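> Each chain, written out:
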Amino acid sequence: MSAEILEERRLSIQRKGGGCGGDGMRCDAASVAGAVSQRACVYCGARVVLNPITDAFHIVHGPIGCASYTWDIRGSLTSGSELFRNSFSTDLQEKDIVFGGAVKLTAAIDEVMQQYAPKLIFVYATCIVGVIGDDVEAVCRDAEKKYGIRVIAVKAPGFSGTKSTGYRMACNALMQLLTPHADQPKAVGVNILGDYNLAGEMWIIKNYLRDMGIPVVATFTGDASYDTLIKAPTAQLNIVQCAGSMMYLAHRMEDAFGIPWMKASFFGVEDTSTALRQVAEHLHDSQAKERAEAIIAKRAPVAEEFLQRYKAHFIGKKAAIFVGGGFKAISLIRQFNEMGIETVVVGTQTGKEEDYEIISSLVNPGTIILDDANPAELETFMKEKGADILVGGVKERPLAYKLGIAFCDHNHERKHALGGFEGVENFTREVNLSLNSPVWQQVRTGASYHLRAQAPAKQVPRLLGHRSKRVGA
Amino acid sequence: MLDLTPEKHMDRTGVLINPCKTCQPVGALFAALGVRRCMPYSHGSQGCVSYHRTYLTRHFKEPAIACTSSFTEGACVFGGGPNIRQGAKNVFDIYDPDIIAVHTTCLSETIGDDLNTYIEEMDIPDGKYVIHCNTPSYVGSHVTGFANMMAGFIKYLAVKGKPTEQVALFPGFVNPGDIREYKHLLKRMKLKNIVFPDCSNVMDAPMTGEYKMYPDGGTTIEEIRALGSCRKVLALGRLTSEEPAAQLKRKCGVDFSLLPLPIGLADTDAFVMALAALNGGDVDAVIEEERGRLVDLMLDANPYYYGKKVAVYGDPDTVLGLTRFCLELGMIPSYVLTGTPGETFVRLADSMFKEYGRENECRAFAAKDLFDLHQLIKDAPVDLLLGNSHGKQIAKAEDIPLVRAGFPVLDRYGHPSLSIVGYRGAFALATKIADALMDAFDRNCADEDLDLVM
Ligand code: SF4
Ligand code: SF4
Ligand code: SF4
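Respectively, the protein sequence lines represent chains A and B.
Letter by letter, the first sequence follows residues 1 to 473 of my numbering.
Letter by letter, the second sequence follows residues 1 to 454 of my numbering.
Hint data in this document are derived by calculation from the structure and do not stem from the laboratory.
All of these numbers come straight from a predicted model, not from anything done at the bench.
Ideal Cβ placement from N, Cα and C applies to all residues, glycine included.
DSS-like, lysine-lysine: derived pairs with alpha carbons at most 25 angstroms apart: (1) A:LYS155 - A:LYS145; (2) A:LYS395 - B:LYS212; (3) B:LYS251 - B:LYS192; (4) A:LYS145 - A:LYS119; (5) B:LYS354 - B:LYS309; (6) A:LYS119 - A:LYS186; (7) A:LYS395 - B:LYS392; (8) B:LYS212 - A:LYS383; (9) B:LYS251 - B:LYS160; (10) A:LYS385 - B:LYS212; (11) B:LYS396 - A:LYS415; (12) A:LYS119 - B:LYS8; (13) A:LYS415 - B:LYS392; (14) A:LYS395 - A:LYS318; (15) A:LYS317 - A:LYS395; (16) B:LYS232 - B:LYS187; (17) A:LYS318 - B:LYS212; (18) B:LYS190 - B:LYS232; (19) B:LYS8 - A:LYS146; (20) A:LYS395 - A:LYS352; (21) B:LYS212 - B:LYS183.
Quick list of the computed label-pair ranges, beta carbon to beta carbon: (22) B:THR117 - A:VAL103: 28 to 36 angstroms; (23) B:GLU398 - A:TYR116: 13 to 21 angstroms; (24) B:LYS8 - A:LYS146: 17 to 25 angstroms; (25) A:GLU137 - B:ASP442: 49 to 57 angstroms; (26) B:LYS396 - A:LYS95: 35 to 43 angstroms; (27) A:HIS284 - B:VAL77: 51 to 59 angstroms.
If we strip away everything but chain A, and leave its shape as in the complex, we get:
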């Protein structure tokens, strides 16, 4: 494979402290025509943000594909309804393309209403809906009137921007939901924004807050339901986790409901401890602060000791990161730093300029920073930098494996909670498991019989009691 890089892509690649020296990265732009881009579309961004709302009907208005590909694919756990794990769509056919799909959409909503009693329906309009001229908003308005429930249009044609645009559309949809409930008396408690309860991570954070004596009013959107969401305007503080997807909502809620916000990351010992302290500080709650210190004093050393036990396995290892949001990349770099693993390649799909600045400050000189990387680039740089493990999403896993590089799923399909102090242990275990699995021996020496005969038999590192566990509510 050639190591050549598309000329137009050069602006999207930085080498920290290296020659490139461009003024910032072209993040947040559409992919170049003809690139093997890993970038998803506006609909995808909107859908991933709203999807975890467990008791909502998510109806995709468009041809079948967009709905098929987003059917039950996120590991967002629920303590209530399982509704969101089903796929609803209008499956537009040729005649609908010619005569318009509004009739079918109306029928779809009617059918859903006849059979179920939803309080909230999202209608996602995908690429062609605008082109064929369906007035989705009108259909939704009529349905709201007819049934007295919320039916919210999310106009998310893929071509209208990037995944980030989709995040914003989702946030706008959430604001449409919240605005009628603006005038409620204030309550004690916080909202958590930008956590999708993957593998139960929202529950971990909620548990800490509970132990600090801080009620959680609403969660955006992991394990959320209609009834909890509409209480959100009453909260005292918004804690924003995945800033990439939810910063915009935090700003809008600040403007509309006067709720202040703080950014927080719950990945790694350092970030989790800082986050808990800051929440208490923001609420000016000295008791919560004390309790936070108690939680940290109890749990941080355990997690750190755990990390120490594994550290020997990580000496000299190098990591490549390719994730959606810039904020997550930052968390991961910090976490790898805690583990003694050097990050040598960092890429994101939707990172913002500020994110890339922070990233630059966290990594060593020579580290490659990529915006919207494609497989060829990932390959080139992972090889060049000698990465041992790639952290990414489902599309990157086979690539990593093909290269004989270990892989850790840090995306929507992760099976173990990676947040909080528990997450430190899970993440450490997972990284160790994938880095040190005996299979790599086979991979690296087993390609040809010739090589195998020459390779000295190496000792496989001992696996420190790996258990797989899922965190419950």
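Based on these hints, arrange chain B with the ligands on the given structure of chain A.
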């Protein structure tokens, strides 16, 4: 509880719930990956291709490359001509494929982009090719897209020539493992052949520690050109391979036999007989043995299959093959369902039910979804589900064992390299079915009924 399906039947004209199909481009992309050094190219917004690649990767557990025109608002208004011109140039410059296989998306179809003209006007480097097909997702399903892409390759590349010894095999929408099984049979029958498309060693490439953007497998461009001079085409999968076979006949006059996917005994017999008709009637002894072993298994385990009710769902040709095999095993395919539209499917299934005297016990449905299937099962339950991973929720809700076959299998490993075609594929499948039924019995039976010896 993962069970939102009400027992009361719902008449629906608007909402589709839990699809049993997906869109054309993903099939087109998959077909194009079965061509050597080919870059699939999606003419539309960047999102579609990102989904399609992910979907294929989830099934095959392999990277699936493809490029996109990355439409913006402007492209929607003024057409995607500039996008594809620039896109194709970039692809040749950087990824250096031998051929680019363009498929459309809903969007480029709806705005009416004319790919014929775009490609005609394109500056294509010497010795390289750009071909296309139309894949509007509001027509048909991923299977349609697969067929359309095959026809696209043929339309652009196949050349009529003096008939050669070669036989062309159109494999249908199957896994790399299935293709390997075809090749085994072809080799045993000593037939020179071209398999098109050929995803083996592409979508299940062996681990070498190296990433090849273009793996070693795949039908070559030369071979696709030579399709036009093959002596005969065996088009497997009536509902998948007919269109490309007809295209080749129209263009180059090559005759074809349309056969069902060789799943199970009778349909594999038909395939082997078709091969024998081409090699002078000689069936290799090894194949005879494989057949014998299958019949032996069917006989040994027959009491465990007989009368068991099964729901078969997925892609039309695969489902028809699986259904016949179930009938051969003495099972009752109570519900036979595909999401892909087309009444031919229902007709073929119905005549199969009649053949086995099961017309009162079995029903076939096209253009339905898995919500329908779940409602049917709630009315009258089955003992087994046979189909893709999406039946998992029904399996869990109703506590019915699920044997995975077809596309996609998202939640298990290794399946793409296994085979369900040929006698050996049927043998493996029959083993799995019996295992699933008997495991379910063992799990639920009273202690005194747990048998070690059968
Ligand atoms: S827009 Fe059409 S081609 Fe794209 S994913 Fe949706 S159904 Fe498939
Ligand atoms: S780009 Fe458009 S059509 Fe394609 S998946 Fe996204 S919304 Fe659907
Ligand atoms: S991929 Fe990252 S940025 Fe995107 S939603 Fe998930 S956590 Fe947020």
